[in-house]
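So you can see what is in the structure, the chains are spelled out below.
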Amino acid sequence: MMNPANQTQFIDQGLASDPTNRLPVTLTINGQAYPLQLESRVALLDALRENLHLTGTKKGCDHGQCGGCTVHIDGQSALACLTLAVMSEGKAITTIEGLAQGETLHPLQAAFIRHDALQCGYCTPGQLMAASAWLSGQPPRTAAEIQEAMSGNLCRCAAYPNILAAILEAQGA
Amino acid sequence: MMDAIGQPLERADAHLKVTGAARYAAEWDLPGLAYGAVVVSGIARGTVRAIDAKAARRTPGVLAVLTHENAPRLRPLPDKLGKVLLRGEGGMTEARQPLQDAEVYYAGQPLAVVVADTHERARHAATLVGVTYDEQPPELAMTTARRQARPATFLGSPEEKLQVSIGDPAAALAAAPVRLERVYESAVTHHNPIEPLATIAHWEQRDGADFLTLYDTTRFLTGVQQIAAGAFSLPKENVHVICPFVGGAFGSKGWLFAPPLLAALAARMVGRPVKIEWRRQDMFTVAGHRSATRQTLALGATPDGQLTALQHDTQSHASLVSGFAEPCANLSRMLYQVPNLGFTHQVAHLNLPSPSTMRGPGETVGGWALECALDELATELKLDPVALRLKNYAEHNPETGKPWSSKHLRDCYARGQALIGWEKRNPVPRAMREGRYLVGYGMATTMYPAGRNAATARATISADGQALVESATHEIGNGARTIFRQISADGLGLPVARVRFELGDSALPPAPNTGGSVTTATVGPAVLAACRNALRALRQLAVRDAQSPLFGAAEEAIEARAGRLQLRAAPAQGEDYGAILRRARLPAVSAEGSAKPGPEKKQYSFYSFGAVFAQVRVDEATGVIRVARLCGVYDVGRVMNPPTARSQLLGGMTMGLGATLMEETSYDPRTGHPVVRNLADYHVPSLADTPEMSIEFLDNPDPHIGELGARGIGEIGCVGTPAAITNAVFHATGQRLRELPLTPDKLLRAATRA
Amino acid sequence: MHPFQYQRATSTAQAVAAVAPEPGATFIAGGTSHLDLMKEDVHRPSRLVDISLLPLKQITALAGGLRLGAGVSNTAAAAHPEIQRRYPVVSEALLTGASTQIRNAATLGGNPLQRTRCPYFRDPAQPCNKRAPGSGCAALGGINRGHALFGASDACVAIHPSDLAVALAALDAVVQTTGPRGPRAIPFPELHRLPGATPQVDTTLAHGELITAIDLPAFAGRSHYLKVRDRASYAFALVSCAVALEMDGEHVRRARLALGGVAHKPWRLPAAEALLVGEKPSEKLFRAAADAAFADARPLEHNAYKIPLGRNLLVQALLETSGLQALAGPAGTAFAASVGGLAGTFPAPY
Ligand SMILES: Cc1cc2nc3c(=O)[nH]c(=O)nc-3n(C[C@H](O)[C@H](O)[C@H](O)COP(=O)(O)OP(=O)(O)OC[C@H]3O[C@@H](n4cnc5c(N)ncnc54)[C@H](O)[C@@H]3O)c2cc1C
Ligand code: FES
Ligand code: FES
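Chains as they are written, first to last, in numbering that gives the first Met the number 0: chain B, 0 to 172; chain Y, 0 to 753; chain L, 0 to 349.
Where hints are given, some of them may not hold.
Said to hold, decoys possible - In the DSS-like style, the derived pairs of lysine-lysine whose C-alpha atoms are separated by at most 30 Å in a straight line are:
1) 38(L) x 53(Y)
2) 160(Y) x 390(Y)
3) 56(L) x 90(B)
4) 401(Y) x 235(Y)
5) 283(L) x 90(B)
6) 423(Y) x 401(Y)
7) 56(L) x 745(Y)
8) 56(L) x 38(L)
9) 235(Y) x 79(Y)
No lab work stands behind these hints, which were simulated from the structure alone.
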């Protein structure tokens, strides 16, 4: 075993004997701080869904292969299934629950409704979080750029043409 | 009245879905919830000798490990559910209850469930369970398997015979001036809805009796209810199944009973609600799939293209505990006027997982083979592919002789040709290029049978002028919540904004499973009947109420419009629904309604039709194929809501594209383990694979299917698309590829051979 | 997932000190490969040392080249103007890899160290010498459509899946590390190894050796990446190809070629490279080079298609890099590098 005395920051100090013990982890989600007790192995996705009951973020594969769990971490789109909750401490996390401003839908959400850019709706939060991460403050993208940038969000219902139309409209708005 | 029906209304549940508020099966928050993780078999055939769960049980937080040795006993599955044959040859589902015996029939079969207080602990402890087996060599090759069956019917339905011979196909083939025989093969494909299977099971004591609530990913609430009640020897009323949102099904999540039963077993064992969320990996073994097929198509024709004989023989595979047959002749049996028609279906029983229906079962890959063979015949005869189809156009159903309820397929061909620019194409293969790409055009016919079943609904009109209509149907992305709300609004004479439609709960008036593209035609009429009955109750209140402007009026003289009952002849004389109820001091009136198919099925043959045209470009050097455009023109009866209908077609056509170009699950040929078991290896189309798509509906209401005039649209998009693309690849390259999916290796191999 | 100790490193030295003495300890950066495999029960680290907060996120000038910090994200690197301008092969390789979300998390240090995507490796229920040494190679006689043509052994026929690594191999990038024995520099083509009898070892890094930076040497030529896959985007390569070409007037001065998807490491093609030097670019010349490149390919049961595919891809990449044919999209983008392009936007509306 290594010596914890050198200045490495141990956040699991004192827990070395039982790694399944829970650690204090504070997550900042949609502007609110959530103090949690979590095992180090808890993925951000499971912390959201199981511990905080923020179930808008979806689990489609748990392995980075579908995009359903997309959230924003410090303003960039990220996959909550391939992120450890402990590694998200101190970062600003935004989930689908935080996308609308109160009752006012984000322009993308409104465009998704207008264009019927969803069917079963299971991939929809991930689609919205992926697109909204670059929508604000960026020059508009071409259809081709959107197709490429959004290829990591699978929609088995294949609402794709409508998703593309909704994003094109929302970024013009 | 059809004010709302046919209007392009926004999805009723869109707001819930875009805000993350729609609650799917795994997302119910129950106090004391525990987590189940499933241990699956590491061999494909044999018997479990021992399960060593000591290490798992010692793990902190673990509450129980269920195996076949300690799990509560279940009564066996019934042979049939309603009219549908569940078990046996030609049956629907896996005829086996989970954790009841030690037999292993395929790799990935559930063998144990570890229950713990957290998801992480359950999953980890599951990896610590050791299983030893008495292993036997698995049977894995479809064509050489020892156990082969020839089921007489599909799902026990007398109308869906699987072995048919009309006229003398063999003699007619032998005598045909032009003969063509080809073998087409398709790979195993998986539904892979983005929402994996999940169940939360919760046992309670209610009035001294056991009561089971299941939050389950299902498009068959009443099926899960009946099967669970039967398995646990409970009255049906003591099982409650809840599922307001299904995150995609595509043929899965319908007849899968083992997953909810496993959760129920686990919850019973630990005395707490238990959630089992299946991993994506498990979706390749427990969720059903479309079997691989090997189909032989033989066509006989005259030199000018008149078909004289058609023989379509299909080999597919099922597991050792399922008899599901992929009914590939569904198009061959009815699409063309052929005097000598034969088809057979053979099912090999293998140590592979149990198959199931998948969007366009039989039609998608069977139609692919037929429509590719037609294209090959057109090439051989130097005929235009559309002209060949028109030449053999069936004016009535060739198998049964019945007239079509409604068929405008000629219009579909003509409009599709115009949309894709068919006449601009050079019909010679390999003649069209754009830069380094070869360009090709192809087409195919599509169809889907239009069925109808019995259903019930309830309509409630409240004193505040709002209405609620309910039925235990399902929202799987099909738009059920939206279109039944529209139908309800029209049925009740109310604006859509004042009507809510609820579904997804087995406590609601029963409806059948959502599948087979029959939901609109099935539940729609029941909704209308319930609305009518509720209005009748309201009318009766009014005409008996001396204070009503309608007092004493004849019921037939009264109409319901915009929330008012009024005299048809003098619309100003009337009052709104709320006023009638308030005076009667009633909070609401409520009525049930039911509907079932009449004798029309005996008189007519019901099908939706369509024509699909594809434009592809092919990079021959690398074998890469892209579908640049897809045009589909559909004759599906009345369209309830154009945007949601179009969405269903987009989805179906894209799924057809996926099956054609990239979707394939392989199993190790020696061990039977799935080798493709995730969404990085199983490629479903992405936004980047999406072609330009034009979809049109003819919108000719079907005069015979019921007053809505609507046939189904859920599956027809998946059918036809594969052949249109495959035929376009031939046109582009001159290569006939007869093995799905058309991945780059296939084209490269063909090009190397050529 | 097995439980583990988690700790955050605040300096490279501490990170190394935390991992080196504990055989089960590992670094974690973006986590997109490591966590994936931990969830598959393929990786079972006893300790994760989080290096994501280390100050390894700079891109700096370096003797005519560039030094890329190991913690730079794939997204940031791909968009960097100097990389776009001088090393488009790097941007192209990065942008054809994975998805936006994964590229945002993935790091330049972690990407070349991702493990193989061989399905047998990922499934603990099946034999695999790389995951469980001595259990056998299931891919050898199993489904091996995606497996190696070159340099494989009886113990392992897996390929390395990274796109970036192929570009870095073609550029002769240099990997800067610090480890228990101090800092060292590793020529990129020597970072990965062939499987031999010990396929469980992917690289020549020592346990606890930390990649701190990747250096791109000075390069004044043209470079380009092409990738063929089963889906138009968000898929690993069937075969990919990186080309770095330097010219003397009309003649090739130096050519460096690497293939992805064909071997346990990015596969450099010395014989083909030698053929090109001193010659004038032509399709005939490139065909000859491609034939030389695949002369010693050893196909398995299902992957022989990679030979014609790889040959044609190499010719195409050379034609485009040399300017004999136009790129399919703007240099430095996924559109330039994705063979077949997007499905529905033809001609592409850039
Ligand atoms: C669905 C999916 C699709 C993908 N598609 C592609 C693709 O098409 N092309 C492609 O190239 N990649 C692809 N990837 C892989 C992805 O790019 C890699 O997972 C990612 O680049 C790894 O970087 P990371 O920082 O997340 O590494 P981590 O997961 O954090 O680490 C990976 C390994 O490297 C070690 N490590 C990390 N940093 C260092 C360092 N500085 N020094 C020493 N050791 C270190 C870790 O200990 C670990 O063993 C895909 C991944 C997924 C999940
Ligand atoms: S659940 Fe995270 S990408 Fe699928
Ligand atoms: S809407 Fe169903 S998966 Fe996208």
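Each hint tested on the structure:
no. : hint            : result
1   : 38(L) x 53(Y)   : holds (22 Å)
2   : 160(Y) x 390(Y) : holds (27 Å)
3   : 56(L) x 90(B)   : holds (17 Å)
4   : 401(Y) x 235(Y) : violated (40 Å)
5   : 283(L) x 90(B)  : violated (55 Å)
6   : 423(Y) x 401(Y) : violated (38 Å)
7   : 56(L) x 745(Y)  : violated (43 Å)
8   : 56(L) x 38(L)   : holds (27 Å)
9   : 235(Y) x 79(Y)  : holds (16 Å)
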